[in-house]
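Here my numbering is used: the sequence shown runs in plain steps of one and ends on residue 636.
Careful, some of the hints might be misleading.
Straight-line alpha carbon distances no greater than 30 angstroms define the calculated DSS-like cross-link-like pairs of lysine-lysine that follow [unchecked claim]:
{"id": "1", "residue 1": "466", "residue 2": "221"}
{"id": "2", "residue 1": "466", "residue 2": "454"}
{"id": "3", "residue 1": "454", "residue 2": "221"}
These are calculated hints, taken from the structure and not from any lab test.
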Amino acid sequence: MAGTVEDLQRRLAVLRDNFVQELPQRLARVVALQPRVNGAWPTDIAADLRLLAHSIKGSAGTFGFTELSARAARLERLIAQSLAQADEPSADQKRAIREAADTLAAAGAVDKASAQVAAPRRPGRATKTLYLLDENPDRAAALIAQLRQYGYHPEAFVSAETLMIAVAELEPVVVLIDASGDGAPDRAIAAVTQLNADREPRIPTVLLAGRGDMSTRLAAVRAGIEIFLPWPAEVSELVNRLDQLATLDDQAPYRVLVLGADSIDANRTAALLEAVGMRTRVAPSAMRILETLTDFPPDMLVLDAALADCTGMELAALIRQFPAWSGLPILFLASAAEVERQLSSASADADDFMVKPVPPKRLRAAVAARAEKRRTFSILVAQDPLTGLMTHRVFDRRIEAEVARASRMERPLSLAILDIDRFRALNERHGYPVGDGILRSLALLLRRRLRRSDLIGRFGGDRIAVLLPETEAEMAEDLFDRIRLAFASMTHGGSDVAATATFSTGIAAARVGRPPAELTRAAELALFEAKKAGEGAIRLEED
């Protein structure tokens, strides 16, 4: 649900106008509650006044009303200090609270033109286009040919000047700099510094360096280079690192649930996150958080520490009681005093605290980092560590579900099992690291060439299985023929090895009433026939 910059500006302007329109009513409540805390000091009324001040402070700071936010923060701080002590506040404390409330209430005349809400600049970037800076044209051409097999659209430049001109016209998703030659790292680091000078957001950069000493790495860190990769290395390893930086269109957006002190503050947070491609949902209240979690399972929760029905920490502890949400990252937005209090208590229910008002850039970065960590952990428990594909056990469960669905709906479904040819000989000749790299390269190529709906799993050893919904066996044969040719043209192990490999394929089709185990056996028998036919062969099951 990513919006354009104009959409975000409009949404923030509406939220700001809503805040300004509601401000007189909020300040009227301050005026009404203030006398009631100057007598017998009812703690429930004092807590309500503190929550009201907290809400005004956050929204005012968010929308640029600095003075109003500061006055509300002072009132909140004074009440919080009084509530924290065992005895009733002294006459001097009550007088200070009364004066702070009067000062806040007097700030009702808000100049709507005094503050502007800036939306983040989102320059257009070419999805999957990367720029390669390399002083050696022949070396660049070889790397470009490999990267194209994985779906990237690389363009090569031999000088930093021509690279800067191209970037000014169209920004790539990543800049890759091959600095494996003598003296090249220093020139490359200087180019990155020039590239991202005064640029916001920065263009992600990857440095391929021939030397990996501490001084070179430290210089790269200081230049803001995100990934430092000793070179030469496996191209599949490079592609995996590029994927960490490239924001691809087919990546599912992070899902973020937001619960704020008030609806304006929560909707503003949601709008800022949606502007950079995240999907958000604003929870209506703390008391309805469980049903909202069920309706909208998030990658993380952004929670205000001060809520109407309970504290943020109480709500976090409640959520942690449910196994499904025990690992959900929670980011708290709180006042400086609240952050200090929670940090001193060493609570385990929050992953982090941020002091309100949080700058938009910091908020988005914090949310993205925690959401990615949650998503990565969820994926790792179901992934083969070498290839990143589904484990055999997970794949078997998915086969059962897909076969049942295809049988019920009478839709086509094909299973392909791939086996790398002469894999043992490749390991013996080039070493097991090269063999592992070949397997990783095939897994990565399959992820690039197949649909998101296709399921890919490692069957152990050098075998990979692919389940293709809505696909006849003949269509699968054509598909793997194209993938087979692409894989055969790739080299593995770096320039000093340059190994090549092929794979054979057996394909079987699901039928109504055919058990998953029988489908798997049919694909394995077809693979056996393909291996007998020779390297790179594809065979369909025999009728």
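Do the hints match the structure? See the list:
1. Simply put, residue 466 and residue 221 have alpha-carbon atoms about 23 angstroms apart, close enough for the 30 angstroms limit, and the pair holds.
2. Taking the CA atoms of residue 466 and residue 454, the gap is near 18 angstroms; set against the 30 angstroms cutoff, the hint holds.
3. Our distance criterion of 30 angstroms between C-alpha atoms is met by residue 454 and residue 221, whose separation comes to about 24 angstroms.
Consistency note: the structure conflicts with none of the earlier hints.
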